[in-house]
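Engineer: First to last, the sequence lines map onto chains R and B.
All residue numbers for the first sequence refer to our numbering, where the first residue is 1 and numbers rise by one.
All residue numbers for the second sequence refer to our numbering, where the first residue is 1 and numbers rise by one.
Please keep in mind that the hints were generated in silico from the structure rather than gathered at the bench.
Don't take every hint at face value.
[Said to hold, decoys possible] When the alpha-carbon atoms are kept at most 27 Å apart in a straight line, the in silico DSSO-like pairs for lysine-lysine are as follows:
hint : chain 1 : residue 1 : chain 2 : residue 2
1    : B       : Lys123    : B       : Lys165
2    : B       : Lys180    : R       : Lys29
3    : R       : Lys29     : B       : Lys165
4    : R       : Lys29     : B       : Lys287
5    : R       : Lys29     : R       : Lys95
[Said to hold, decoys possible] The calculated label-pair distances, taken between Cβ atoms and stated as ranges, are:
hint : chain 1 : residue 1 : chain 2 : residue 2 : range
6    : B       : Trp51     : R       : Glu189    : 53 to 61 Å
7    : R       : Tyr231    : B       : Gln50     : 30 to 38 Å
8    : B       : Gly126    : R       : Ser111    : 42 to 50 Å
9    : R       : His247    : B       : Pro27     : 39 to 47 Å
10   : R       : Asp8      : B       : Ser21     : 25 to 33 Å
11   : R       : Leu193    : B       : Ser21     : 58 to 66 Å
12   : B       : Val299    : R       : Asp8      : 27 to 35 Å
13   : B       : Gln50     : R       : Pro258    : 56 to 64 Å
14   : R       : Gly76     : B       : Trp94     : 32 to 40 Å
15   : R       : Phe232    : B       : Glu9      : 51 to 59 Å
[Unchecked claim] From the structure, some residues in chain B lie toward chain R, with a derived Cβ separation under 8 Å:
hint : residue
16   : Arg177
17   : Ala179
18   : Met187
19   : Glu211
20   : Ala240
21   : Gly251
22   : Thr252
23   : Arg300
Just so it is clear, CB atoms sit at the ideal spot from N, CA and C, and this is done for glycine as well.
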Amino acid sequence: MTTTPEADPRAEMAAAAAWLAHGGASSEKRGVTSDLSIDEALLLHSIGWEPIELVFGVSITSVPVGVWTWGRGQIGAASDAHNLAVHTATERLTKECSTVGGHGVVGVRASVEVHPHHVEVELTGTAIRPAGAKPHVGRPFVSDLSARDFVLLSNAGWMPLGLAFGASFIYAPRRDAATALRQSTQNVELTNLTEALYAARESAMDRMQTWGLQMSADGVVGVHVTEGPMYFARHVMAFSAWGTAVHLAGDRHRYVQPDVVLPLDDVVVQFAARSLRGD
Amino acid sequence: MTGPPDVPEAAPRRLESGSFSSGLTVPDFAACLQMGLRPVGLVQGFCAMQWGWYGAGSPYMRGMSPYTPQGSGGAYAQTWYCPHGFVSGEHRMWGQNYEQVWVEQAWLQGFNTAFGRLIEEAKEVGAHGVIGVTDTAHSLLESNVAEFHVLGTAVVVEGAPPPPKGEPWSTYLAGQRLAKLVEAGFMPISVVASIASVRVWAYCVTEYLMEGGATLWQTQGTAPVQDVEQVSEGLLAARAIARDHVRRQLGTDTLHGVTVATSEREIGGGDQVFECTLRGTRVRRFKDFDPIGAPRPTVRLS
Numbered sequence: 001m002t003t004t005p006e007a008d009p010r011a012e013m014a015a016a017a018a019w020l021a022h023g024g025a026s027s028e029k030r031g032v033t034s035d036l037s038i039d040e041a042l043l044l045h046s047i048g049w050e051p052i053e054l055v056f057g058v059s060i061t062s063v064p065v066g067v068w069t070w071g072r073g074q075i076g077a078a079s080d081a082h083n084l085a086v087h088t089a090t091e092r093l094t095k096e097c098s099t100v101g102g103h104g105v106v107g108v109r110a111s112v113e114v115h116p117h118h119v120e121v122e123l124t125g126t127a128i129r130p131a132g133a134k135p136h137v138g139r140p141f142v143s144d145l146s147a148r149d150f151v152l153l154s155n156a157g158w159m160p161l162g163l164a165f166g167a168s169f170i171y172a173p174r175r176d177a178a179t180a181l182r183q184s185t186q187n188v189e190l191t192n193l194t195e196a197l198y199a200a201r202e203s204a205m206d207r208m209q210t211w212g213l214q215m216s217a218d219g220v221v222g223v224h225v226t227e228g229p230m231y232f233a234r235h236v237m238a239f240s241a242w243g244t245a246v247h248l249a250g251d252r253h254r255y256v257q258p259d260v261v262l263p264l265d266d267v268v269v270q271f272a273a274r275s276l277r278g279d
Numbered sequence: 001m002t003g004p005p006d007v008p009e010a011a012p013r014r015l016e017s018g019s020f021s022s023g024l025t026v027p028d029f030a031a032c033l034q035m036g037l038r039p040v041g042l043v044q045g046f047c048a049m050q051w052g053w054y055g056a057g058s059p060y061m062r063g064m065s066p067y068t069p070q071g072s073g074g075a076y077a078q079t080w081y082c083p084h085g086f087v088s089g090e091h092r093m094w095g096q097n098y099e100q101v102w103v104e105q106a107w108l109q110g111f112n113t114a115f116g117r118l119i120e121e122a123k124e125v126g127a128h129g130v131i132g133v134t135d136t137a138h139s140l141l142e143s144n145v146a147e148f149h150v151l152g153t154a155v156v157v158e159g160a161p162p163p164p165k166g167e168p169w170s171t172y173l174a175g176q177r178l179a180k181l182v183e184a185g186f187m188p189i190s191v192v193a194s195i196a197s198v199r200v201w202a203y204c205v206t207e208y209l210m211e212g213g214a215t216l217w218q219t220q221g222t223a224p225v226q227d228v229e230q231v232s233e234g235l236l237a238a239r240a241i242a243r244d245h246v247r248r249q250l251g252t253d254t255l256h257g258v259t260v261a262t263s264e265r266e267i268g269g270g271d272q273v274f275e276c277t278l279r280g281t282r283v284r285r286f287k288d289f290d291p292i293g294a295p296r297p298t299v300r301l302s
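The following block holds chain B by itself, in its conformation from the complex:
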């Protein structure tokens, strides 16, 4: 947990009031009671983050030189050079894809801070876990301010000892899907989310191809339609980096039910940002699961 205003004063008062609220649907609520999960409170975490200045002169300006083909600190960077031999202020003689580590760190800090506050609230009510987690990240007021909101239902597992180190587990799942997960031998550990942000500064060939100039600038022996390698690599890198980020948080656990969200934003001519967000529930096998029999196909008469 970072930052001084961890949990507002109203939160403990609400959570100690003796009644509970829950974000569960009625079927999910019924399924959780069936599993011995008793809802004890609707818990949330919130964080508003400002993105710092990353322009010229900032300490974050890295990976934007043709002479540093590799990103610093193991970050992704890839450089392309003009094949035409022109020297002109208007001709993009080099281009680069680079991972915007500072954006990823800011996003992760915002998410983790909000999530930490949700866990803090869950601890207040003595929960074993938080189920049915939902989270949102929106731009707020200004373009460089984002709000992170994480919401879930804190539950107590009846008859179970306290969670390890008092840290509640958490999952995006609830209801029957959670029951099936546990029955299949997996215990939820934590929700996991990560983002990858890749900036693409086009070099001349990419610029011409993306503006429909393939026939003008195609090099000898190439087809009029061709893969725009720099952009394709940038899009693929955003996805692969997001996957690597969640892998680092997983260890040898499984990330279940991953959802993938991607976005593309044009900053200016030949300057794009690709982002990819992965979310899922980190689960750990706690027992061997007997293989289920071959499913029996049925036809329903109605």
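Chain R extracted, bound-state conformation:
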């Protein structure tokens, strides 16, 4: 069994400072911008990938007036606007990635805001490639997985394909006055509300999965689900679901067998200073 010599941080720092003092020049051909942490950069390095450039994708999509007024059922125009904004922002992010020769984008942070007359989507991530590789032929992947998750996924034989999004907007259904009065003293399931909100959740997830299938994905991982009324339209519930569509890159899944670690250190008992005062 071979062991790597323990790094001496003091010697490393002194050597680096001495190198700089003697006019150390850059040996790289091109500058790199990256929002990855050093841990993430090293992890990518461990599987032979490197960051290239910070890339962005933005889209503002209009929502026609009258969309949020009272009505029944799902609000198709709002879902369409959400869908278009995400799609356009992703296309712009992908284009930036291709321009710098990236094979994909990892760690994408997605900000989605729904306003009365527009939907705003902002995507920010770091374009990466196999170290020294030529520009990618084909469509780069886009993933909101961290570099750590990307490494784990890659080691298991899977690769990300793109972001899959789905959204659904629905008017909160109302009961008629007589029904509301009759049920006011009862324990009763509000079936119209259950059905409407349940259906809207399913629609959001279904759209996300459909988006994934259009990319020929085997599945979507790291799904986030958000829900809630909007500040400008309390009578409308918004649901969204998004994650990274993945596919099996090899013949079969490679099992990652983790080592089991049993920490032997005692549980630290925190001392609460306020307890001295009898609080």
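Add chain B to chain R, keeping to what the hints say.
Structural biologist: Below, chain B without anything else, positioned relative to chain R:
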């Protein structure tokens, strides 16, 4: 360094007092000692900047004519024209996105002046570098006055020769993150920050779309929901320009751990400003780094 009051009289007195103060947390402090970095002083730089008058008649009014589709001096500008053929004082017959170079220059001047003063203080204490840098830019008193404050811990690298030209290096990192960076073969050179400011003057189509008028003004064959191209381009341009600005400062070095901050401000109807600020540590590879082995996944029993 610009401006006469470079470093206040109290600064050298504080820094020469023989003791040090540091903005490091205890774990960062311990990690730095482990690396042979000895804190020698808490150093800072400050600058209050007034934004000049950029309204009508000022020399900064450029990029606001439909006949100059390109910004002067290589600055970003993009113009859109009304497709409807109306001629009316109330109808926005043209619109423009343009880079507010003067705002960017003012911001950069404020930041660089404050940062220069921090470096000046670091030189006073004979530091090799400044670690754990933090910086803030706030509006102060009036809307066109901003203060820039840069703070960091000056350190000496024990046993190392003085930095090149006596100029200390600087980094936003400290502690274990800095140790890992150096171990990975990167030496910090300097903190880098830049801002991009893009003004968006809406033309008629943008105005209608942003006010929910898509169904009224959609042109034939377009969907009721559509990308508001002018605003999307403005938002994207702010980010791309900020990235270009830091790239110009980088050369072939790497900008590590970039943080992105964006803001949107409405000046009036159909008049918006998008700003994007990038900050990070410029690092340079000083040695080849042996690839680390494949990481070993673990599961923790607790």
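Engineer: All hints, please: hold or fail.
Structural biologist: Consistency of the hints with the structure:
no. : hint                            : result
1   : B:Lys123 / B:Lys165             : holds (11 Å)
2   : B:Lys180 / R:Lys29              : holds (23 Å)
3   : R:Lys29 / B:Lys165              : holds (25 Å)
4   : R:Lys29 / B:Lys287              : holds (15 Å)
5   : R:Lys29 / R:Lys95               : holds (23 Å)
6   : B:Trp51 / R:Glu189: 53 to 61 Å  : holds (60 Å)
7   : R:Tyr231 / B:Gln50: 30 to 38 Å  : holds (36 Å)
8   : B:Gly126 / R:Ser111: 42 to 50 Å : holds (45 Å)
9   : R:His247 / B:Pro27: 39 to 47 Å  : holds (41 Å)
10  : R:Asp8 / B:Ser21: 25 to 33 Å    : holds (29 Å)
11  : R:Leu193 / B:Ser21: 58 to 66 Å  : holds (60 Å)
12  : B:Val299 / R:Asp8: 27 to 35 Å   : holds (31 Å)
13  : B:Gln50 / R:Pro258: 56 to 64 Å  : holds (58 Å)
14  : R:Gly76 / B:Trp94: 32 to 40 Å   : holds (34 Å)
15  : R:Phe232 / B:Glu9: 51 to 59 Å   : holds (54 Å)
16  : Arg177                          : holds (6 Å)
17  : Ala179                          : holds (5 Å)
18  : Met187                          : holds (4 Å)
19  : Glu211                          : holds (6 Å)
20  : Ala240                          : holds (7 Å)
21  : Gly251                          : holds (6 Å)
22  : Thr252                          : holds (5 Å)
23  : Arg300                          : holds (5 Å)
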